[in-house]
Each structure stands twice: as structure tokens, then as C-alpha cells.
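Just need the whole structure built from these sequences, with the hints factored in.
So you can see what is in the structure, the chains are spelled out below.
Protein chains: 2
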Amino acid sequence: MTRVLIVGGVACGPKAASRIKRLLPDSEVTMIDRGGLISYGACGLPYYVEGTFPDIAMLVETPAGVARNAAFFEKVKRFKARTRTEALSIDRKHGTVRVKDLETGSEEGLPYDKLVLATGARPIRPPVPGLDMRNVWTMRHPDDAESMVDRIEAEGLKRAVLIGAGYIGVEMAEALRGRGLEVAVVEMFDQILPQFLDTEMALLAAGHMRKKGIELALGEQVLAIEGNGKAESVRTDKRSIPADFVVVGVGVRPNDELAREAGLACAPKGGIIINEFCQTNDPDIYAGGDCVVNRHADRTIQQPFFIPLGSTSNKHGRVIADHIAGKSTPFKGITSTGVCRAFNFTIGRTGLSEKQAKELYPDVVTSLWAGPDMPHYIPQSKPLIIKMSASKSSRKLLGVQVVGLGEASKRLDVAASALCFGATVDDIGNIDLGYAPPFSPPIDPIATAAHVLANKLDGIAKGLSPLKVKQKLQNGDDFILLDVRTPIEFKIMRFPYENVIHIPLGALREKAAELPKDKDIVAFCKVSMRGYEAQRILNAAGFERVWYLEGGLVAWPFEVIS
Amino acid sequence: MTRVLIVGGVACGPKAASRIKRLLPDSEVTMIDRGGLISYGACGLPYYVEGTFPDIAMLVETPAGVARNAAFFEKVKRFKARTRTEALSIDRKHGTVRVKDLETGSEEGLPYDKLVLATGARPIRPPVPGLDMRNVWTMRHPDDAESMVDRIEAEGLKRAVLIGAGYIGVEMAEALRGRGLEVAVVEMFDQILPQFLDTEMALLAAGHMRKKGIELALGEQVLAIEGNGKAESVRTDKRSIPADFVVVGVGVRPNDELAREAGLACAPKGGIIINEFCQTNDPDIYAGGDCVVNRHADRTIQQPFFIPLGSTSNKHGRVIADHIAGKSTPFKGITSTGVCRAFNFTIGRTGLSEKQAKELYPDVVTSLWAGPDMPHYIPQSKPLIIKMSASKSSRKLLGVQVVGLGEASKRLDVAASALCFGATVDDIGNIDLGYAPPFSPPIDPIATAAHVLANKLDGIAKGLSPLKVKQKLQNGDDFILLDVRTPIEFKIMRFPYENVIHIPLGALREKAAELPKDKDIVAFCKVSMRGYEAQRILNAAGFERVWYLEGGLVAWPFEVIS
Chain S
22 MTRVLIVGGV ACGPKAASRI KRLLPDSEVT MIDRGGLISY GACGLPYYVE GTFPDIAMLV
82 ETPAGVARNA AFFEKVKRFK ARTRTEALSI DRKHGTVRVK DLETGSEEGL PYDKLVLATG
142 ARPIRPPVPG LDMRNVWTMR HPDDAESMVD RIEAEGLKRA VLIGAGYIGV EMAEALRGRG
202 LEVAVVEMFD QILPQFLDTE MALLAAGHMR KKGIELALGE QVLAIEGNGK AESVRTDKRS
262 IPADFVVVGV GVRPNDELAR EAGLACAPKG GIIINEFCQT NDPDIYAGGD CVVNRHADRT
322 IQQPFFIPLG STSNKHGRVI ADHIAGKSTP FKGITSTGVC RAFNFTIGRT GLSEKQAKEL
382 YPDVVTSLWA GPDMPHYIPQ SKPLIIKMSA SKSSRKLLGV QVVGLGEASK RLDVAASALC
442 FGATVDDIGN IDLGYAPPFS PPIDPIATAA HVLANKLDGI AKGLSPLKVK QKLQNGDDFI
502 LLDVRTPIEF KIMRFPYENV IHIPLGALRE KAAELPKDKD IVAFCKVSMR GYEAQRILNA
562 AGFERVWYLE GGLVAWPFEV IS
Chain P
22 MTRVLIVGGV ACGPKAASRI KRLLPDSEVT MIDRGGLISY GACGLPYYVE GTFPDIAMLV
82 ETPAGVARNA AFFEKVKRFK ARTRTEALSI DRKHGTVRVK DLETGSEEGL PYDKLVLATG
142 ARPIRPPVPG LDMRNVWTMR HPDDAESMVD RIEAEGLKRA VLIGAGYIGV EMAEALRGRG
202 LEVAVVEMFD QILPQFLDTE MALLAAGHMR KKGIELALGE QVLAIEGNGK AESVRTDKRS
262 IPADFVVVGV GVRPNDELAR EAGLACAPKG GIIINEFCQT NDPDIYAGGD CVVNRHADRT
322 IQQPFFIPLG STSNKHGRVI ADHIAGKSTP FKGITSTGVC RAFNFTIGRT GLSEKQAKEL
382 YPDVVTSLWA GPDMPHYIPQ SKPLIIKMSA SKSSRKLLGV QVVGLGEASK RLDVAASALC
442 FGATVDDIGN IDLGYAPPFS PPIDPIATAA HVLANKLDGI AKGLSPLKVK QKLQNGDDFI
502 LLDVRTPIEF KIMRFPYENV IHIPLGALRE KAAELPKDKD IVAFCKVSMR GYEAQRILNA
562 AGFERVWYLE GGLVAWPFEV IS
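Those sequence lines, one after another, are chains S and P. Each residue of the first sequence is one higher than the one before, starting from 22 at the first, in this note's numbering. Each residue of the second sequence is one higher than the one before, starting from 22 at the first, in this note's numbering.
What the hints contain is simulated information worked out from the structure, not anything from laboratory work. Treat each hint with caution, since some may be false.
Copies of the same chain look alike in the list, so a pair counts if it fits in one copy or across any two.
[To be verified] Each computed EDC-like pair below joins lysine to aspartate or glutamate, with the alpha-carbon atoms no more than 20 Å apart:
#: 1; residue 1: K348; residue 2: D448
#: 2; residue 1: K290; residue 2: E278
#: 3; residue 1: K538; residue 2: D112
#: 4; residue 1: K233; residue 2: E176
#: 5; residue 1: K413; residue 2: E375
Structure follows, in C-alpha cells:
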């Protein structure tokens, strides 16, 4: 009979415990947690705040409405769950964990044959005065969301300032705006989702959030939360923003102290180090969930990744249970996939960011594509913008980011799958994706984006990113922005720049002679499919200094006239 | 200068022609088509009929509203397009194609260095009297849809009978019902989508169509379309169904005659045989699109597949252009992915059906899973049913079918990606899919479905498909249907069978002694996650004859009391 002790009861812990009991019915499994609630869906907090569902208790219930408490786990999952019980220290030599009952204060030693650390992470507290004032929250536990909503309602709070434009900041901005509040987000970096999105994608997402009424204060450092006992404003290095309440979401830190003090290997920046079976350097001690660092599925990448996600925690739980039960089901690593919603705009990324890719590979080529997610004749079709990067020599896919009003999460998951299998850019175009007009164009956006990048790798397509074209404009370069759209499209919306020449694509061959061969020409259209066509037409007519603006007007995150 | 002649101008043809000109600007490319329209989106026809978009011309326009006609291709894509021009024969020795101008009747020989056959497919005309009567349509060309809609409106046609419950039948049923018409679908096989879906999945989809008011006459053979010059009824082997008009959609046949007569290799049942570069057995003659048979991406499968799809046609066009331009971009084969929508119900499949899998592999294990596509606390979450099959020895994933009101097409595309990369069942669980509550539960449905199948392969989960349980009921087997849901759930909906015993999961451990050990027990709940848990609880209590009903009540396609 194996005795398994699990420290931490939110995601990885209960997953591991439940499966261990299914695989090893005779094992004795105990799960302890410092808190009063266990097995809660922390990712649901913004949706509770938004009012998507009425009762915070749903986050700790099964779909059938049964509370996932100690009695539930005892009766249904057949393991012992002890709440309000804190692990103080691990005695690896004797195989015991010293625990304290937080209700009674009594301590005892719990023996284990196998120990699972699923201690999670905690919000980072930035070094800012005023964090402990009334009406300042972090957002990690159901109590945080519930107390905030109660206070908003009881005191009629109206103005929210969110510190940090990471996932929590973006999701909470939507949630609070959805409740009709005024929302400002302050972010130290000069873009939203700085750890997550490349600049041009972040600009597009930020533009959408601003349209929905969110004030974004980017590149501003918070100096203090000010007020008289309760938060009244947030002072940054540029100004003071009035606030009825403040939500701090500047990231989380792994709870690795228990492991560290027991001499288990941790990453220098935090996070327990595990192998593919989620074992620590003590083979009898496993770790999983938000307290560990992960390996990347691309095994040429050695550096550990701290990316705490409920999806990964559940994977860890399963791998741990299997290994304890004598079954080898390796966890093959993450690809840094993340997705979030900002109103009706989806923001997704998988694999490496452009910056990460360039640190790890010497020959990174990126490409940006924009287009509709269904055939143009389906009125429900909506735009997507896809950025893809690859290594030029190996053609290996390195990273994909997908944003837009269209169905981005499907394309993200296809890209994540391709990355998990070590795909090349060319492999993407070969995937036999489901095609019917309500779901995609005949060539799916993710395949078209891959084709465009392949054309770029082959030197056929010569694209310039919006950032590079903006830079040319700011530098005052003498070049031509060649708009090849129809006259009607030109009338409705156009660039405000003086170097624009408008020649509809159908007239380009005959009018090509009017263009100079000694200047750079950047062709574009709505999404730059025609921009690319224009580049090829001009190349065929002997022009060499021709590029197209990647993603066209749809992916242009700067000013337009409309 | 390479002279390229392309026969056929709908999907593969224009794709190949456009890209050849981009890759080889100096080439001389001519595309001919028998019809008056080229480059049209035939897959959009049902959506025009439904009224999703107002003008059939949108199917031959670019997203910017420019008609894709000969002038467009000449000006923008720089190749010559000749409509109303039929290819009569190929002279491979001299490298010419005899063509006829259908307007003038004149004939000429067009020379080629490379020839591309993209001749498409045509609707099968079943051997049924009355096909040529007024108000009988096939649905392949924009003219078909336009003339039918005009007639429906002009003559106030109300009752449609569709012959064939394939893709066209299902999509047209939705479209016509969406216009407010009465719709009956007659299908010779005893299920809808017989070439496409496994029985239990087809039953679920058919149930949904019936709910939406479609009459399905399955297992009925059409003997004749009857009427006095125009269709008035469809006579089957069982009855006569009144009809104001009839749509025949019993499949298509590849237009391979031109190739066949030129001595090019074709499959016995039809379809030009091509290699991975879309070359026929004459290396100067390529073929692609609906006139060819495809290889499966799983190269252990030798048999050719005739699965005409716009997505594949476009892939062929690209591969052909690349190869003509001296670039090797092999087409790695299809995985038989297909998706269609029946009202708000999505129906998808990829890989092998259960029947196909069992013909090709000796050790096929299948599993059915049902569950919500988002966390239960998100009210927009909707059910999905996923069927997955694998080879027991190699654990290789063989086929996946996804149906339901939830976001099925995303999971289908992930499965299609996995199949393209030769994934095992265990690989699916490792994919780092995007997780946030508006998009999926922490463990995505496709991963959970894979876990369940893995548990089945490992002998931990013992599931019975709904068809097998129905068989046991019909056989009058003496077994127990163990409903482990909550009392409230039991009250709202339950099985109408006498062998049901209701014990909520939470009480099962203590009440297990009340159950017999000498009878088969089939446990279930709403989706059978608890059913599986019940199986493990009873196993742990010494019960050996325990299974769970796969997919629970959500995937049960037969009668329930509610």
C-alpha cells in the first residue's frame, strides 16, 4: 500500500490525487491545503466579476452542482482532503512532512512514500506604498473576487485602476468595463501583455481595448497608491489617476520555498525543477502546477519557462499519478501557448515570441498576414491577424500569434499542435483542416499565413512589417506607399501620408511605367494579398525595390483616415 | 519560356495558374474552361440558397468585389483565361490539346510544355425516372442555385424533397428550411452522411435535424420522381412524398475521361492517379482538384481516396505550380477531413471511420466522450461529442469524429493536425492547447477524449458504446443500468428502462453492497465522467462486471424520458 501525500489542493493536487486512487485503489492518498477552499477554478474569477455567472460557489462545484470539498473527495474520489492545513517542512530522510492545523494550531508529522508538491503561486506584491489600503485587491482566490464585487455593489465603486496589463489586467479590464465601470490600466512596459505578445500584435489588441472604452496608460511606472486609509488614486511617474479601487496584477511567483528549504533543485529565478515525469531531484518527491518551471517541447531550447496555467497543472497531475502508479507517460513540455479575450477580440500566442526566437535562433524570419476567417460571402466572417516566425535554414516553425475579431483560438490550437510535433512552415499548408464556408475559407487562414511565410523564406514574397514601414515614415525616407485597392475602398479609408500613390491592382500593369524604379515602393491593400500581387507584378515589370506592407490596412496599428 | 495549359478553371486551375505566373513571370499560361463562369466558390451555393448573402455574383468576385473573369485574370494574374472552351483530346506525343470554342464551334490545337488537368467532377445522376423534369435540380454550379431560388420565389414552391443525405443534402436541408420551406430528405442508407459518419454520430446529427423540422426518410430507396412534366412527388420503396421540387445530391464522379482517353492512369472506380507532386504517369501532365484520387497522409494506407473538396483542390494547385517552377513541395496526402453544419449543430470527421479503421487495422479500439466545450460556469458552454479510434498495439490515432452544438470545428482541426503528424493517442494529451474559460475547460475536450481512449487502451476504463448498450437492451439481457447522477438530475430526465437503478455517485461506496456482483452493471451519468468514476469505485469494491455507458445521456441517441 503506497502512502501518497499531496501538498496543495487547487488543480494539480486534486487531479493527481483522483487519478492515483483510480489507478491504485489500495493506495492511501492525503491532500492538504492551507486554504479553506480546494479545487477551485481560479481562471473563472474575471467572469464572475463580469457577471457571466451569478454565484462564486460555481467555481468550487462540479458541473452537476456538487461542492468539491473534503467530503466530496472522500466519498467520490476516495482520498482524504484536509483544508486549513499548512505544510511547514519536509523531512526527506524520514519521509515525513511537518504540518500545522491552522484552526487549532496543532502540529504533526505526516508520513509519505511519495510526496507531491502542488503548492501553486502567489501574486507578486510590487514595491509600491499603499498596497495594504482598503479597496486594493489582487485577484487569485475566489475570496478576492467575491469581496471586490460585494464592495463595488455596496459602496457603488465606479472607477477602477488596474496595475499591470498582463492576462489578469486585460481580463479584469473587460470584466469591470462589462459591469459599466470606468477602467484605466497602468503598465510599466510600453505595451499591453509585454511578456506575451509582440509589439505590433499588442498595438492591435490595445487599439481594440481603447475602442471599448478602456484607458491604457502604457509606459507608466506606478509610484504609489494614495488615499486616506482607502485607495483614492494611483500615482504614476506621469500623473495621478483617480481610483475608487485598485486591482494589482503584475504576475505571480512560484511557492517553491518548501521545496527549496528541503534542498530540492529550483530555478534561480524561482520554480521547482522537474523531469518529464514531474519528479524533482528527489525521485520520491514530485512537483507540478504553478510552483514548477517547465521545459519547452522544442528540446533544443534548454532554458526553463515559468508559465503557470491551469491546463498545464492538470497535465502535470495526470503525469504524476501515472508515474506513481508505475506507468510512464512523459510530459513532453509546453509550447508557451496562451489565449485571452478582450471583449470580442481574441489574443493568442504559442511558441516563441519574435524576441525569444531571435535570442535562440540565428536566422529568424517573421511574417504578418491578415484576412477573413470565413469566405468573404459569409457575412459573419471577421478578420484575423496572424504573425508567424520560422528559422530560415531549417524552415522550422518557431512561434505563432493570432489576434482579431475572428475565430482566432482555432488557428492558435492548430499552430500549437504543429509546434508540439516539431512542424516546419511547409507542414502547416499540408494539414487537412476541415473546410466548409461557415468554418473557414478553402485555404484556412493558418495555412495561408504559413504559405506567405514560406514565400518569404523563398524570397518570392518581400514583406515589410507595419513597424518597419512606420519607421520609414518616421525617418522621413523618400519612398512610395502604393495603394492598389479599388477607388471605392480608397474613398472609404486611406493612409494620411503624402507619399501615397493610388493605382488599383487591375490597372497596375499598364500604369507601372509611371512609377520610379529608383525609389522604394511599398504596395498594400486591405490585407495585402493584392499588395503581394502588386509586388510580383512590379517585379515582373523590372522593378527591384518593391515590398508589400504585411497585413495591409487591417493589420496597420497606426493612424488612418476614414 | 514554359508554355502551360490548364484545363479547368474553378479552384485548382486558377490557383495553379496564378502561382505559376508569380513564380515564373516569363511563362505563358492559358487556362480554359467549358463553362461561362470561372473561379467560383461552389461550396457557397447552400448559403446563397439560405439567403446568407444576397447576390450569387459574390461567388465569382474577389473580397473587394471585382469579378474574377478572363479580364481580371489577364490584368491581375497575368494569364489568359478562355471560357466556353472545351478540351476534346490530348495528343501527348506532340504536346497539344485539341480544343473547341463552344460559341463558334471552331476547333484548334493548343500546344503545351506542361499540361494541368483540373477538370473537376460532375453530379452523379442516379438511375431514376423523372430526373429531367422541370423543378429537379442538382447543385454544383451557381446557375443551379440561382435558377432554383428564382423558381422558388416566382412559383412559391413550398415542399422540397432532397435525394441523398450526404453533405449537399444536409447543407441544403438547412438552407431550404432556413427559407421556411418544408424539407424531406430521402437516403438509401439507414443513416445520414453514410460515407462520412459512424452510426452513433449520425444518429445524434439526425436527431438534431429532426428537431429543426427536417423529415428524414432513411433506408428508403427512391424509385422515381413523378409528375406531369414537372416534379410533384418522389416515390420511394415505401411511399410517395409530395414535392414542389427536388434536389438530387447523391455524390459526384470525377471528370477523368480526357485523361483516361489519353492513356493516363486512373483508379478503377474513377479519378486520375497522381504522385506527391500531382504528376500523372506522364511527367509533363499534372492533375489536381476534384478529378483525381488522393493518397492518405498515413502512408501505411495504400488505397486511393476520392474525396473532392475545395480545400484539397487549392493545395493541389499550389503543389502543381511549385513543381512546374522547379520547386519540390510535396503534397503529403489527405486525412479525409470533412465538416458541415446542420443548423447550429456541427458535424466533423477526420481520419478513418470505425469501419475503415477495422478494415485496415487488426486491433482497433474506439471510445466516445461527451462534455461541455467550456467550463460549466460559463453559460455559453455547449456540449460536444467526440469519438476517437486508435490501434491498440501502436496506440496510433486512426480517426476522430466530433459533433455537437459546441465548438466542434476547433477540436476537429486539432485532431486533423495530430493525424497529419502521425500522432499517438497519448500525444494529444500533451499538446499545449490554448486555455482560457471563454475558449475551453483547463483540459480541452479533445485531450479529455484522448485520455479516455488511453484509459480504455490501458484497460482502466471499460466503456460500452451506446450502440452496444442499446443492443443489450434489445437482446433482453439481464443487466443493470446504474444511474449515478444527483436526484435533481434524475427527476428532470432519465432512461425509460426497467433495469435502471439510481444511486448518486456520492452514495455509491456505502450502497455498493446492494448491487449484485453476478450481473453486468453499466454505470452512467450525464456525460459519463461520473459513470467512469462509478466503474472505478465498484472495481475497487470487488465488482468485475462493470462498464460505463460512453458519452452518458448526452451522447445517447435513443429514447429518454424528460
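Exercise. How would you label the pair K348, D448 (within, between, both, or neither) given a Cα cut-off of 20 Å?
Worked result: Answer is between; shortest inter-copy Cα gap is 15 Å, intra-copy 32 Å.
Exercise. Under a CA distance limit of 20 Å, which applies to K290 and E278: within one copy, between copies, both, or neither?
Worked result: within (12 Å within a copy, 68 Å between copies)
Problem set entry | Identical-chain pair category, K413 with E375, by Cα at 20 Å | Answer is within; shortest intra-copy Cα gap is 14 Å, inter-copy 41 Å.
Exercise. Is it within a copy, between copies, both, or neither that the alpha carbon of K233 lies no farther than 20 Å from that of E176?
Worked result: neither (25 Å within a copy, 48 Å between copies)
Exercise. At most 20 Å between C-alpha atoms: does K538 with D112 qualify within a copy, between copies, both, or neither?
Worked result: neither (76 Å within a copy, 44 Å between copies)
Going through the hint list in order, the structure does not satisfy hints 3, 4.
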